[in-house]
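Undergrad: Letter by letter, the chains look like this.
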Amino acid sequence: MSVVPADVLPGTTAVQDGDAGRPAVLGPSARLWPSLAAVYRSQLSRARVARIPLLFVATFQSVGIMIMMRGVVDGAGEARYVVAGASVVVVAHVALNLLAQYFGQLRAGGGLDHYATLPVPPAAVVLGAAAAYASFTVPGTLVTAVFGCVLFGLPLGNLWVLAAVIPLAGAALSGLGAVCGLLAPRPELATLLGQLGMSAALLLGVLPPDRMPGAVRLLRDLLPSTYGVEAYARTFAARPDWALVLADMAVCAGVGVVSLAVATRAYRRASVR
Amino acid sequence: MCTVRGLTKTYPALRARRGAPAAPEVRATDGVELDVRRGEIFGLLGPNGAGKSTLVRQLTGLMRPDRGTVRILGHDIVAHPERAARILAYLGQESTALDELTVSLAAETTGRLRGLSLRQARAERDAVLDELGLAPIAGRPLKKLSGGQRRLACVAAALVGERPLLVLDEPTTGMDPVARRAVWAAVDRRRAERGTTVVLVTHNVIEAETVLDRVAVLDRGRVIACDTPSALKERVADEVRVELVWRERAPLEVPEVAALKERAVESGRRWTLRLAPEEARTAVATVTGGAAFAALDDFTLATPSLEDVYLALGGAARQGLVKG
Ligand SMILES: Nc1ncnc2c1ncn2[C@@H]1O[C@H](COP(=O)(O)OP(=O)(O)O)[C@@H](O)[C@H]1O
Ligand SMILES: [Mg+2]
Chain A
170 MSVVPADVLP
180 GTTAVQDGDA
190 GRPAVLGPSA
200 RLWPSLAAVY
210 RSQLSRARVA
220 RIPLLFVATF
230 QSVGIMIMMR
240 GVVDGAGEAR
250 YVVAGASVVV
260 VAHVALNLLA
270 QYFGQLRAGG
280 GLDHYATLPV
290 PPAAVVLGAA
300 AAYASFTVPG
310 TLVTAVFGCV
320 LFGLPLGNLW
330 VLAAVIPLAG
340 AALSGLGAVC
350 GLLAPRPELA
360 TLLGQLGMSA
370 ALLLGVLPPD
380 RMPGAVRLLR
390 DLLPSTYGVE
400 AYARTFAARP
410 DWALVLADMA
420 VCAGVGVVSL
430 AVATRAYRRA
440 SVR
Chain B
37 MCTVRGLTKT
47 YPALRARRGA
57 PAAPEVRATD
67 GVELDVRRGE
77 IFGLLGPNGA
87 GKSTLVRQLT
97 GLMRPDRGTV
107 RILGHDIVAH
117 PERAARILAY
127 LGQESTALDE
137 LTVSLAAETT
147 GRLRGLSLRQ
157 ARAERDAVLD
167 ELGLAPIAGR
177 PLKKLSGGQR
187 RLACVAAALV
197 GERPLLVLDE
207 PTTGMDPVAR
217 RAVWAAVDRR
227 RAERGTTVVL
237 VTHNVIEAET
247 VLDRVAVLDR
257 GRVIACDTPS
267 ALKERVADEV
277 RVELVWRERA
287 PLEVPEVAAL
297 KERAVESGRR
307 WTLRLAPEEA
317 RTAVATVTGG
327 AAFAALDDFT
337 LATPSLEDVY
347 LALGGAARQG
357 LVKG
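For the protein sequence lines, the chains are A and B, in the order given. So for the first sequence, our numbering puts the first residue at 170; every next one is plus one. So for the second sequence, our numbering puts the first residue at 37; every next one is plus one.
Check the hints yourself; a few may be wrong.
Stated by the list, open to error - Capping the alpha-carbon separation at 20 Å, the derived lysine to any residue pairs in SDA-like fashion look like this:
no.	chain 1	residue 1	chain 2	residue 2
1	B	Lys269	B	Ala316
2	B	Lys180	A	Ser214
3	B	Lys180	A	Leu223
Unchecked claim - Covered by chain A, per the in silico footprint, the following chain B stretches (three or more residues, Cβ under 8 Å):
no.	segment
4	86-100
5	105-112
Calculated from the structure, these hints are not laboratory results. Every residue, glycine too, gets a C-beta built ideally from N, C-alpha and C.
Just chain B, with the same shape it has in the complex (with noise of 0.2 Å):
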């Protein structure tokens, strides 16, 4: 359905100028190889600044790669990107072009702008809006809706006009789960009814868990991996996961606290650790009993997420990844 080969795009280094300071290039995708297959949900994980955007951007014929190719149903999207827009539908993660209209004069403006007839491109609009539950709010104008609204809104548009492929970056940003369950019905629809594929960006752990079929996580612009949510969660299934709170600051004076420093990534006043379940259980008993119990404002038990994932696979972003 979706090929891409060895894909490589570097962003130039920036000169300083006012206002703006100085940025070395950045090699935002770096020989990334996919197979997206027909109908599935195949979702890009990784925090901010991994490259999705990049990547999606090459995939729908909006940016040249440097190297490498794309090819979508058999068409070369790099040698010919203006195919892009007959295959897919692209929801990018800006709303710049929609803003001042109405939700429903922006999902119709887009339909007939997707080679729909009049009449075919109300029909379809009316039918996305009521979809999405955005029928009450047809009338008003983008910029005056909620960021989740607004999401929703985008999300309509690029639904009109039937497409084979969607690419969706960011879709459920700001959304409330009502929302967010929305679009997952509507794509799980078109899918059953169509075999419609979609490739999703996220950096939403939960989501990426339940609504993809299959996931590459990218990091720094290469995909570390790629597999099934639950095959790559079989990969650090030894492990547990856990989160100490401390009140003020570790107790370090006890030594078996300070040896679990060492493991653990530390964000302010949290401790992640991710140990084989016989030492959790030691770990535990440690900071519940004895003189660090004191200090300890709050602590957790986890089996592995995604995120644990992307950190045991040498992930390099601490914080990138969003848990719900």
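For reference, chain A alone in the conformation it holds in the complex (with noise of 0.2 Å):
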């Protein structure tokens, strides 16, 4: 087809013939940061596409478990429980279930064989999608928080909180999500993982943790979303203790970074099989 015979082609390449002994000069590879804005601006623009009505649900859900709770729940000091449940439970629909699934699908769809023949760091990947999808849980969030506080009289002058708890707990659910996608053996048992620890996230976050019995406080401690909940719970307080939600935004830190780790390692063992 070409009319220009082989051996007589320029030698302009990025990457120079390394035939004559030298192996080639490799092309640039991406740096982690201009990566990792990248992927994200397109994870963002999925939402537009795929996402808008699983937002609307994740929001929906919660607002109803606050119109059913106003009948049971027991005064202000619940009901902060409820709100912050309610309010941490999109973000775990969102950053844990949704993300596990989409890493799944990734996974089993050959889709991470396209980010696995760039030269692009694995944590970028990662990152990046952790990033968006913890930024979808924004609205959805928002609005449960402040219809909550509406619907229970709570006030709303600590509500500015919710700008650390989404990213930290987003971090901390988004990162468990990943590692559920990436390592679960099948697609579906990504969805199943994902769907579980919403599940999870949601009986033991709205819940007041007063009325649990003791095992399933214990249960409760060890969910991540807890110290979510627990920290935006406190700020309801007439005189909050920042100390005490400081140290539960800790908690959701270190998980984060724990996760997030665990996430990248996942995501590079299942891009090279």
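Fit the two chains together into the complex; they arrive one by one in their own frames, and the hints show the way.
TA: This is the structure in structure tokens:
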């Protein structure tokens, strides 16, 4: 088809021919931050195409739970947990459940090959996707929190703390979601794990802990979303104990760092078969 | 440029599970040896399941071979699979990672992840989308496009960010002739301007004959021939392909037809025969005259194609190759 014979071709490629003995100079690799930003942006744009209905579902679910719990809760103390729990459930639904599903499907459908044949650091792919999914939760979490405060007559003054709770709980839960999605041997299993995680966050998050039996409370303490719920619930107090709020957020941050590191390793493993 | 020696990969046997039957182990590539030269459009031709995708996944560092070596531009890809991403661009058979992006963002993001700056990535994106005629649908998500358009968008993503080696796994599947021509023109331009080398997987015989400089014919994991398409066809140049289509069934009561059956590859009402020119003339005379003619629906005589080469070399699949 070509009229150019192969042996008189110009030698102006980025990677020079290394057949003469020395290996060729490699092309550039993508640096962490620019590629993370590129992955983040492309993931955000997927929301416009595919995720908006799912974000509505997450929000409606939480709003519905709060309305149902209205007849059950006893005083402002319990209402705090309901509102904080329902808000964090939005994060769990999107960051844990949907991200697990996404990575599960990406892996099963050969989508990881695309990233694995680009010179991009694994952390950029995992963190970019996790950050995007955490961002998807912002509108739903805010709507849920505001609606809940109005419904139960809680103060709106400390709503700003969500600016820290969403990213930290988001990091912890999306890290776990990514781990589930990348380690589960089959995509259905990844979806199942994500949904189980979300159900746990739902059941253990919105119910006031004082009424739980000891074993269930232990389980609640093991769930990273709990610390997001606790941090936010504490800020409704007349005089919040900010040290404890910080401690709760530190737990989220710790879980986030560890789970995202594990997810990055899982990604690396999943992309070379 | 790219040297492959003794490349072997066996997929382990799968135990039966609900919804999935048990599968025996499959030796998908079996001692494959290849030498791809710089600036060449090198093809891997074979029917479905021949091991083409498995082979290119090993070339691109995506899959570790059980045995064998892959050297590309002096780099050992088996020992350092991560280097492949900095030498080559790969177009896989799936587009899962890009499906929900717009054509434009798919190309731009891929360019950025190939190490381009935002400005470079956008400039190259625009150039490639124009080159492939994708500009009018640049704003549409891939999954809302037709199969051929989606494939073309994936080709665009593969071409953003220059690489000396392009590895393309069935790039033109589902494309209309205009899109195909755009792809081959884009590939050829890169080769003329920069000496780009292309490894191309195809099961399309016509495509193989028209665009490839050399082709390796794969069958059940083994390279059964490797040469230029015309040299391969030389091997069967003394033969003519006769295709007979019967109306309902072959008139086997005619002795000459019964004799032909021995040498025919049957596929429903269609018989395919490879015959010496003299035999072909006799065969055509038999079926177009006398009792056999009433049963004949259609017949063609053709010079051999790469498909005949594949069959003459002992290729096992009778219908794996596509002629169009
Ligand atoms: N992941 C896998 N697990 C088990 N067997 C596989 C897998 N992928 C491919 N195979 C088998 O390996 C052989 C070669 O497949 P493949 O390389 O996809 O062929 P081609 O691309 O030429 O159609 C086929 O028999 C196929 O069924
Ligand atoms: Mg294939």
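Undergrad: With reference to the structure, classify each hint as holding or not holding.
TA: To see whether the hints hold, each was checked on the structure:
1. B:Lys269 - B:Ala316: holds, 18 Å
2. B:Lys180 - A:Ser214: Holds: Lys180 of chain B and Ser214 of chain A sit about 15 Å apart, inside 20 Å.
3. B:Lys180 - A:Leu223: holds, 19 Å
4. 86-100: holds (count 6)
5. 105-112: holds (count 3)
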